[in-house]
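K.L.:
Build out the structure end to end from the sequences listed, making use of the hints.
Chains as they are written, first to last, in my numbering: chain P, 6 to 380; chain Z, 104 to 703.
For the record, the hints were derived by calculation from the structure and aren't laboratory data.
Hints may be right or wrong, so weigh each one.
[Stated by the list, open to error] Distance windows between CB atoms, simulated:
#1 P/183 with Z/432: 33 to 43 Å
#2 Z/479 with P/316: 45 to 55 Å
#3 Z/172 with P/155: 48 to 58 Å
#4 P/91 with Z/689: 34 to 44 Å
#5 Z/474 with P/376: 56 to 66 Å
#6 P/195 with Z/269: 23 to 33 Å
#7 Z/362 with P/187: 46 to 56 Å
[Stated by the list, open to error] To be clear about the criterion: a stretch of chain Z counts as covered by chain P if any three or more of its residues have a C-beta under 8 Å from a C-beta of chain P, and this derived list gives those stretches:
#8 229-243
#9 280-293
[Claimed, not checked] Which chain P residues face chain Z? A few, computed with CB under 10 Å, are given here:
#10 85
#11 270
#12 317
#13 347
Small disclaimer: the values here were computed from a predicted structure and weren't measured.
All C-beta atoms, glycine included, are put in the ideal place defined by N, C-alpha and C.
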Amino acid sequence: MNRTHSRTRLRLLAGVSGAVALSILAVAGCSSSSSSSATSSSSLAATASSSASAAAPSSSAAATVPLVLYSAQGYDSAMSKAFTKATGIPVSLDDNSTGPLLTQIEASKNNPKWGLLWVDGATAFAGLDTQGLLLKGFEPSVAWNSLGAASVPADKSYVPTGVTIMGIVAYNKTKVANPPSTWQALASSAWKGQVGMNDPSQSGPTFPLIAGVMNYLGGVSSGEKYFTALKSNGLIIHPTNGPTLQALTSGQINLALVQSSAAIGATFTDKNIGIKYLDPATLLPSALGIDAKAPAAEQAEAEKFIEYVLSAAGQKVMQSGDPTGDSLYYPVINGVSPLPALPSLASVKTQTINPYTWGPQEAAVNTWFDSNIVR
Amino acid sequence: MIDLTQPPAASARDRHGRGLARLSRLARLPRLPGWLRPGRLGMPVFWLILLAFIVAPCACFLVLAVSPRLFDQGSQWFTLTYLRQAMTGSTAVAIVNSLWVSGAAAAIGLAVGFPAAWLAARTTLPGRRWVSGGMWLALLLPSWLPALGWERLVQPDGVMYRLGLDWPWVTHLIMGPFGVVLLLGLRCVPFSYLAISAALNGLGQEFEDAARVHGATRFQALRLIVPILAPAIMSALAIGFAESISDFGVAATLAYNSNFPLATYALYGAIGNFPPSFPLAAGMSWLLVAAVAIPLALQARALRGRSYAILSGRTRQAVRRRLSRLEAVCAASALALFFLIMLGIPAFGAVSGSLLGDYGSSFTLTLVNYRALLAQPGLTGPLERSLCYGLIAATVTVVLGFIAARLLSAARRTKATGAMDYVLLASVALPGVVFGAGYIFAYNLPIMSTLHIDLYQTVQLLIIAYIASSLPTNARVLVGSVSQLQGSLCDAARAHGAGAVSAWARGVLPVVSRPIMMAWLYTFCGVFLELPLSQLLYAPGSPPASISIEDNLSNYHFGIGMAQAVLAVAIAFTVVGVVLGGYRLLAPAGWRRIGGTVRG
Chain P
6 MNRTHSRTRL RLLAGVSGAV ALSILAVAGC SSSSSSSATS SSSLAATASS
56 SASAAAPSSS AAATVPLVLY SAQGYDSAMS KAFTKATGIP VSLDDNSTGP
106 LLTQIEASKN NPKWGLLWVD GATAFAGLDT QGLLLKGFEP SVAWNSLGAA
156 SVPADKSYVP TGVTIMGIVA YNKTKVANPP STWQALASSA WKGQVGMNDP
206 SQSGPTFPLI AGVMNYLGGV SSGEKYFTAL KSNGLIIHPT NGPTLQALTS
256 GQINLALVQS SAAIGATFTD KNIGIKYLDP ATLLPSALGI DAKAPAAEQA
306 EAEKFIEYVL SAAGQKVMQS GDPTGDSLYY PVINGVSPLP ALPSLASVKT
356 QTINPYTWGP QEAAVNTWFD SNIVR
Chain Z
104 MIDLTQPPAA SARDRHGRGL ARLSRLARLP RLPGWLRPGR LGMPVFWLIL
154 LAFIVAPCAC FLVLAVSPRL FDQGSQWFTL TYLRQAMTGS TAVAIVNSLW
204 VSGAAAAIGL AVGFPAAWLA ARTTLPGRRW VSGGMWLALL LPSWLPALGW
254 ERLVQPDGVM YRLGLDWPWV THLIMGPFGV VLLLGLRCVP FSYLAISAAL
304 NGLGQEFEDA ARVHGATRFQ ALRLIVPILA PAIMSALAIG FAESISDFGV
354 AATLAYNSNF PLATYALYGA IGNFPPSFPL AAGMSWLLVA AVAIPLALQA
404 RALRGRSYAI LSGRTRQAVR RRLSRLEAVC AASALALFFL IMLGIPAFGA
454 VSGSLLGDYG SSFTLTLVNY RALLAQPGLT GPLERSLCYG LIAATVTVVL
504 GFIAARLLSA ARRTKATGAM DYVLLASVAL PGVVFGAGYI FAYNLPIMST
554 LHIDLYQTVQ LLIIAYIASS LPTNARVLVG SVSQLQGSLC DAARAHGAGA
604 VSAWARGVLP VVSRPIMMAW LYTFCGVFLE LPLSQLLYAP GSPPASISIE
654 DNLSNYHFGI GMAQAVLAVA IAFTVVGVVL GGYRLLAPAG WRRIGGTVRG
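P.N.:
What follows is the structure, encoded as structure tokens:
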């Protein structure tokens, strides 16, 4: 008798809680069916975009749907707001690190929910392109400068928006009088135990750095020998730019191989940090790529977004949206000057790596690096 | 043992009369088929929830290890390559490391948590009122914060060296396996403390008195009490092991910087690589899931066929043992040292991260990061959102967790409850990133869009995922108290004429109100700063607090990000304070009395 009562009570309670949990699902169902009233900043926007995606093939290209932007840029929020203000097109921003964004894209590739991707590193875009995940053939009508022209891919599957540099050494001016200027010098015993860099499995821009060194030295095996030598010389690995720079300022290391925007941004807060470009430094384009499976209406909006980013108004937003971080880039459009804090590239030897050669090798190189250099 | 199995005759008659009245009312209604009656629908619905929101996402991810083509993640329909890869080379090393480190951490957690719980609940320890709050504060801190504090303290050229303490041996000790075990062990202490103190609160004075009346010494009385607490002890060990093996905060900071690989980091590496290797990550997840079978088997073996029902409405208030002056000083000093390490070092990490404006190159304190944070547009939105998500997720989780705990602690374990036990603990062992990816695979299938069920990247799915990922730990925290509930509590209320719900609310709820509140707070705090699930599932345009913090940290605004983390932790702790204070002020005196103590 007692057991029967107890069981009934438990079942009732389970039923009530089940109803609560299922009501969440019901709300989800409702919100997905009321997608037309989505706004850019509300939580319903994402739901709306999802159902819009499903219904897209039959909808007209002129219909306004929220543009789902996956971005790891510091100025993306400011850019989204400015774009919506200028065009009336709502933007649903997924602002994340590069790693989680690419994980989302790969996990959802049989039913993608993104419209536009904006991250650093052409190799990631080349990887997505070779899987057929990017819309090909779109190039905005802009006047590229030499950096921009060198970064546009042949199949026009992504669009460069700016360039930062990998292969820059941030150093502690109070401890280092003559920083190294070549990759060979960096590996010399003079810098034993003083060099730090990022882990490519956590820091998106670090694979292009490693690929750049391998490209410069003649191939993967030469590059592996070089990084093995650096490790023997006491190379210290930190996850991303921030911790590596922190190791520099706290005195754990004296030379930090980081992204140029991070290093230059750090000089604003710590006057003891100096910058030196290694010969050659590798160009790291930031780029925008459109989802090949997105509805036509969303693809059209994505193209408008790219054009806005590369317009004079968009470039202003890029240069003011994150003044101590990602805004410190080299523009790719004629007539747009870099921010004054950026040193001139005229005296710096740079190289561009072929993303379609190096992109497919990213997983193998990163795995080797993690197994042999990080551990 | 007190058991009200035989209700008074008058009450039985009364109940009988009401039962007849109810039957006659029911007779006027059309009869529903048995399986459609509300009482019978509850359990299937509960199981449906478990299957849909815990089993299905995990299964979708795990199946990738042997069949990557199912979700378009490779060309093979069936392969054992990834399982083999997971068991060889550096991933195997990481998994072995995780296994022994988690075992040691769970043991440390119990070794410190048990005495702390006993001192706070059963003695006149000075400052005992602060112990519980301190444990909660420690629990709500993200695990990377203590790791950061330790690193800043002992790293080469760190604070220790700047203070003139040239102790490289300390650096080697902390920046290595010992430090990792110590940190994870300290992280397990609050879990053990909560499980044990919940059980101690339910353990009245009568058992100790009975032993003492029969001539037992204090030590012998303890030998009687410790086995009664076995469910809580086993629960503490199991949850400590599972939480440690799935921890990412320490794995990605102290362990990583010490070149001591742990499984969660290796798994994260496989997913974070580009293109990500979900099948390899799934292979490693299989091993983690298999690993939790160890504590679960030990737990089942220890508890098999025994009843631990001790909590009833007539549980007598326990008597606090008076500590001598020396005992009090020693015990208070030990606990003070524990909290200094547990809270002082993370606080140091946070302070050094957020109050040093120049990436920590000097010791100059400044509020520049906090000023910059307050000047950032859209600061409050993510915090409000996370508060809201935390409130909803914690409330639903506690209801589901209570049911799961009740089923897990049933005297007669069926195969279904055994399976549920394993599913819940195994899912604790899976890192959040696995859960998140599993949710994408399970709820973003093309067929879902065809059916217009577009849950991926909605607030609803994020909250469901929060609930599903919190439920296993929540049930595990509650099981210690729930296993002590006597069936007589409800029966007594029913005997006095209460309906089923009212009997539960008036007979059972007062007894378990405190553990339920604690479980609610724990879930709230976990959800409030949850990162991996949020990163993969949050609705674009509606970032929660953790995403906003991570955004600052990853965009080179390290100090601002740290300041934001400190602010978020302060808000979470304010909520804890409000809830605890509210309970103290508003809960009926009888609710608060249960589990209370009197001075001896």
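K.L.:
Provide an ascending list of the numbers of those earlier hints which the structure does not satisfy.
P.N.:
1, 2, 3, 4, 5, 7, 8, 9, 12, 13
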